[in-house]
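Engineer: One-letter residues, chain by chain:
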Amino acid sequence: MKVEAIKNGTVIDHITSNKSLHVLKILGLPNEDTNVTIAMNVFSDEVGRKDIVKIENRELDSSELDQIALLAPEATINIIRDYEVIAKDKVRFTNELKSIINCTNPNCITNADEPIESRFHLLKTSPILLRCHYCERLIDVEEIDNQFY
Amino acid sequence: MIKIFDLTDVISIKDFQKKDIQYILKKAENLEKVAKSEEYSDELAGKILGMMFFEPSTRTRLSFETGMKRLGGSCVGFDGSVASSVSKGENLADTSKMFEAYSDALVIRHDLEGVAKFISDIVDVPVINAGDGAGQHPTQTLLDIYTIKRRFDKIKDLNIALVGDLKYGRTVHSLAYALGMFDVQMSFVAPDELKMPKETLHDLEKDNVKFYQTNNLKDVIDDVDVLYVTRIQKERFPDEEEYSKIKGAYLINHHLIKGKDLIVMHPLPRVGEISTDVDNTKYNKYFEQAFYGVPVRMAILKNIIKNKI
Numbered sequence: 002m003k004v005e006a007i008k009n010g011t012v013i014d015h016i017t018s019n020k021s022l023h024v025l026k027i028l029g030l031p032n033e034d035t036n037v038t039i040a041m042n043v044f045s046d047e048v049g050r051k052d053i054v055k056i057e058n059r060e061l062d063s064s065e066l067d068q069i070a071l072l073a074p075e076a077t078i079n080i081i082r083d084y085e086v087i088a089k090d091k092v093r094f095t096n097e098l099k100s101i102i103n104c105t106n107p108n109c110i111t112n113a114d115e116p117i118e119s120r121f122h123l124l125k126t127s128p129i130l131l132r133c134h135y136c137e138r139l140i141d142v143e144e145i146d147n148q149f150y
Numbered sequence: 049m050i051k052i053f054d055l056t057d058v059i060s061i062k063d064f065q066k067k068d069i070q071y072i073l074k075k076a077e078n079l080e081k082v083a084k085s086e087e088y089s090d091e092l093a094g095k096i097l098g099m100m101f102f103e104p105s106t107r108t109r110l111s112f113e114t115g116m117k118r119l120g121g122s123c124v125g126f127d128g129s130v131a132s133s134v135s136k137g138e139n140l141a142d143t144s145k146m147f148e149a150y151s152d153a154l155v156i157r158h159d160l161e162g163v164a165k166f167i168s169d170i171v172d173v174p175v176i177n178a179g180d181g182a183g184q185h186p187t188q189t190l191l192d193i194y195t196i197k198r199r200f201d202k203i204k205d206l207n208i209a210l211v212g213d214l215k216y217g218r219t220v221h222s223l224a225y226a227l228g229m230f231d232v233q234m235s236f237v238a239p240d241e242l243k244m245p246k247e248t249l250h251d252l253e254k255d256n257v258k259f260y261q262t263n264n265l266k267d268v269i270d271d272v273d274v275l276y277v278t279r280i281q282k283e284r285f286p287d288e289e290e291y292s293k294i295k296g297a298y299l300i301n302h303h304l305i306k307g308k309d310l311i312v313m314h315p316l317p318r319v320g321e322i323s324t325d326v327d328n329t330k331y332n333k334y335f336e337q338a339f340y341g342v343p344v345r346m347a348i349l350k351n352i353i354k355n356k357i
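In order, the protein sequences belong to chains A and B. Residue 120 in our numbering sits at position 119 of the first sequence; the count goes up by one each step and never skips. Residue 126 in our numbering sits at position 78 of the second sequence; the count goes up by one each step and never skips.
Treat the hints with care, as some may be off.
Unchecked claim - Over 12 Å on every C-beta distance to chain A, these chain B residues come out as not near it, computed from the model: (1) Lys67; (2) Lys84; (3) Glu113; (4) Val124; (5) Gly128; (6) Lys202; (7) Asp231; (8) Ile294; (9) Leu304; (10) Ser323.
Said to hold, decoys possible - Capping the alpha-carbon separation at 25 Å, the derived lysine to any residue pairs in SDA-like fashion look like this: (11) B:Lys246 with B:Pro286; (12) B:Lys354 with B:Glu113; (13) B:Lys246 with A:Asp141; (14) A:Lys91 with A:Arg59; (15) B:Lys293 with A:Pro107; (16) B:Lys282 with A:Ala113; (17) A:Lys125 with B:Phe259; (18) B:Lys246 with A:Ile102; (19) B:Lys62 with B:Arg109; (20) B:Lys246 with B:Gln65; (21) A:Lys125 with B:Asp251; (22) A:Lys91 with A:Ile102; (23) B:Lys215 with A:Leu124; (24) B:Lys81 with B:Asp201; (25) B:Lys254 with A:Thr126; (26) B:Lys145 with A:Ser119; (27) B:Lys145 with A:Ala113; (28) B:Lys295 with A:Pro107; (29) B:Lys254 with A:Glu97; (30) B:Lys62 with A:Asp141; (31) B:Lys254 with A:Thr95; (32) B:Lys145 with A:Asn108; (33) B:Lys258 with A:Arg132; (34) B:Lys202 with B:Leu316; (35) A:Lys99 with B:Ile170; (36) B:Lys330 with B:Ile305; (37) A:Lys55 with A:Phe44; (38) A:Lys125 with B:Asp63; (39) A:Lys99 with B:Asp172; (40) B:Lys308 with B:Asp205.
Honestly, the hints are just simulated from the structure, not real lab data. In this text, all values refer to a predicted model and were calculated from it rather than measured experimentally. Backbone N, C-alpha and C define an ideal beta-carbon position, used for all residues, glycine too.
When you get a sec, could you build the whole thing from the sequences and use the hints?
Structural biologist: Here you go:
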């Protein structure tokens, strides 16, 4: 596969197959000002099938990486400056996640009209299992995925 | 130094270790005479308990109020959101901040899950969860366990069945978790629609707690020491038709339990789950259980307000 190299920006590799559009959604992309290249369902020796996203002129911050970890736990992040990979790392789970997804319990206080953001504790990473800090509802990987469709 | 009961809030029974529960049980026993007005105490004189009952309550609210007053303190608050600024559209956060300024501790009941946790995160005074939707009701659990301990002088090895609405009945969520700390034999008897939620089962399995699930009361009734019966929570049912189908699924009457060696408990109010012909028998523990709310909540109030001082 030939995808043009980017001069500056971020390459997110090893995204779970067919999840790249969800990753773009949580990054607020595409928008009018950002060049984005997507490769979906491409073959990889390491992981079988995977997606790749290249984002020009944007370096992701740690909260964005937390969100990507939820959807694509095997993803790797490459920061590119002047065509060189200057930093490379895997996404990492944090023990606590705020404001990324909503609690699936309609009767949870976080879904009421109060000054409160959703907050979850990570119980397991494989498969992902979260617990709402407030109502203690468990959220599994399928319920997380459903929020990005 | 071993730290015992250093909690500053009582939100979920999961915040308790076994030693914390045992500590509260012991303290409650010491306070029974004060609860019955046979001894005098002014340990919480000058302290004010803020009572924020957004949902109706009789036993929980009155036992907190009685307990606070028996310890020399006083209470301010409301029962039902109509009686507060919430009815004018004030949000929970603002109402709680106001109560924080007026009180030394807050007791909160609300129909949304997670409210007590939310408020405890934004105020500096101790917060006690008096029931949050179908979530937790930790002080009810403590008085339930106290009732069992007072009757059998132990908890370990008892055979305890939780019967009825295990999905929406918040008292059983807290109780199952707490009983799991005491090596009991536990059964969950509920119609398929009202089985124990996956969250509670997940926590029990994670702690290697054994339990048995059935929808047939006859599977367990011959072996149990405690029948803990709950009301089908009409107000939490999405529709009336579903409620009608399940209402009255398990009726405990004298004929059913006659000759068996067990006690019947209920967090009350009951709405037809226990026939009144059980009331004047040795099996009835539910009225005594309601009284035990006073010494148990006194023990909590005393410790939680003192921990904060």
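Engineer: Against this structure, judge whether each hint is valid.
Structural biologist: Cross-check of the supplied hints:
1. With 12 Å as the threshold on Cβ separation, the claim that Lys67 (chain B) sits away from chain A holds: the shortest Cβ distance comes to roughly 22 Å.
2. Listed as outside the interface, Lys84 (chain B) is consistent with that label: its C-beta sits roughly 36 Å from the nearest C-beta of chain A, beyond the 12 Å cut-off.
3. Every Cβ of chain A is farther than 12 Å from the Cβ of Glu113 (chain B); the closest lies at roughly 25 Å, confirming the non-interface assignment.
4. No Cβ of chain A comes within 12 Å of the Cβ of Val124 (chain B); the nearest lies about 22 Å off, and the non-interface call holds.
5. Interface exclusion of Gly128 (chain B) from chain A stands, the closest Cβ pair being 18 Å apart, more than 12 Å.
6. For Lys202 (chain B), the condition that its CB be more than 12 Å from all CB atoms of chain A holds, with the nearest at approximately 29 Å.
7. In this structure Asp231 (chain B) is separated from chain A by more than 12 Å, as the shortest Cβ-Cβ distance comes to about 24 Å.
8. Against chain A, the non-interface label of Ile294 (chain B) holds: every CB pair exceeds 12 Å, the least being about 19 Å.
9. Distance to chain A confirms Leu304 (chain B) as a non-interface residue, since its nearest Cβ pair spans about 34 Å, more than 12 Å.
10. Every CB of chain A lies more than 12 Å from the CB of Ser323 (chain B), the least distance being 32 Å, so the non-interface label holds.
11. Note on Lys246 (chain B) and Pro286 (chain B): the hinted pairing holds, with a Cα-Cα distance of about 19 Å set against a maximum of 25 Å.
12. Of the supplied pair hints, the one linking Lys354 (chain B) and Glu113 (chain B) holds, its CA atoms being roughly 17 Å apart against a limit of 25 Å.
13. The suggested pairing of Lys246 (chain B) with Asp141 (chain A) holds, with an alpha-carbon distance near 11 Å, which does not exceed 25 Å.
14. As the CA atoms of Lys91 (chain A) and Arg59 (chain A) are separated by approximately 17 Å, the hinted pair is consistent with the 25 Å bound.
15. Taken as a hint, the Lys293 (chain B) and Pro107 (chain A) pair is honoured in the structure, with Cα atoms around 24 Å apart against an allowance of 25 Å.
16. For the suggested pair Lys282 (chain B) and Ala113 (chain A), the alpha carbons sit about 22 Å apart, so the restraint of at most 25 Å is met.
17. Taking the CA atoms of Lys125 (chain A) and Phe259 (chain B), the gap is near 23 Å; set against the 25 Å cutoff, the hint holds.
18. Distance hint between Lys246 (chain B) and Ile102 (chain A) is fulfilled; the C-alpha atoms sit about 20 Å from each other, no more than 25 Å.
19. Under the criterion of a C-alpha separation no larger than 25 Å, the hint pairing Lys62 (chain B) with Arg109 (chain B) is consistent with the structure, at around 22 Å.
20. Straight-line distance between C-alpha atoms of Lys246 (chain B) and Gln65 (chain B) comes to about 22 Å, which keeps the hinted pair within the 25 Å bound.
21. Among the hinted pairs, Lys125 (chain A) with Asp251 (chain B) is consistent with the structure: their alpha-carbon atoms are about 13 Å apart, no more than 25 Å.
22. Between the alpha carbons of Lys91 (chain A) and Ile102 (chain A) the distance comes to roughly 21 Å, so the proposed pair stays at or under 25 Å and holds.
23. About 22 Å separates the Cα atoms of Lys215 (chain B) and Leu124 (chain A), which keeps this hinted pair within 25 Å; it holds.
24. A threshold of 25 Å between alpha carbons decides the hint, and for Lys81 (chain B) with Asp201 (chain B) the separation of about 18 Å falls inside it, so the pair holds.
25. Proposed proximity of Lys254 (chain B) and Thr126 (chain A) is supported: the alpha carbons are some 15 Å apart, at most 25 Å.
26. The hinted pair formed by Lys145 (chain B) and Ser119 (chain A) meets the criterion: a straight-line CA distance of about 20 Å does not exceed 25 Å.
27. Among the hinted pairs, Lys145 (chain B) with Ala113 (chain A) is consistent with the structure: their alpha-carbon atoms are about 18 Å apart, no more than 25 Å.
28. Taking the CA atoms of Lys295 (chain B) and Pro107 (chain A), the gap is about 24 Å. The hint holds against a cut of 25 Å.
29. Our distance criterion of 25 Å between C-alpha atoms is met by Lys254 (chain B) and Glu97 (chain A), whose separation comes to about 20 Å.
30. Pair hint Lys62 (chain B) plus Asp141 (chain A) holds up; C-alpha atoms about 21 Å apart against a cutoff of 25 Å.
31. Simply put, Lys254 (chain B) and Thr95 (chain A) have alpha-carbon atoms about 21 Å apart, close enough for the 25 Å limit, and the pair holds.
32. For the hint pairing Lys145 (chain B) with Asn108 (chain A), the CA-to-CA distance comes to about 22 Å; that is within 25 Å, so the pair holds.
33. Between Lys258 (chain B) and Arg132 (chain A), the direct Cα distance comes to roughly 22 Å. Compliance with the 25 Å bound is thereby established for this hinted pair.
34. Pair hint Lys202 (chain B) plus Leu316 (chain B) holds up; C-alpha atoms about 23 Å apart against a cutoff of 25 Å.
35. Our distance criterion of 25 Å between C-alpha atoms is met by Lys99 (chain A) and Ile170 (chain B), whose separation comes to about 16 Å.
36. The hinted pair formed by Lys330 (chain B) and Ile305 (chain B) meets the criterion: a straight-line CA distance of about 11 Å does not exceed 25 Å.
37. This hinted pair checks out: Lys55 (chain A) and Phe44 (chain A) have alpha carbons roughly 17 Å apart, not beyond 25 Å.
38. Proximity of Lys125 (chain A) to Asp63 (chain B) is assessed by CA-CA distance (about 20 Å); at most 25 Å being required, the pair is judged to hold.
39. A distance of roughly 22 Å separates the Cα atoms of Lys99 (chain A) and Asp172 (chain B); the hinted pair therefore holds under the 25 Å criterion.
40. At most 25 Å may separate the alpha-carbon atoms for a hinted pair to count; Lys308 (chain B) and Asp205 (chain B) meet this at roughly 18 Å.
In this structure, none of the earlier numbered hints is contradicted; all agree with it.
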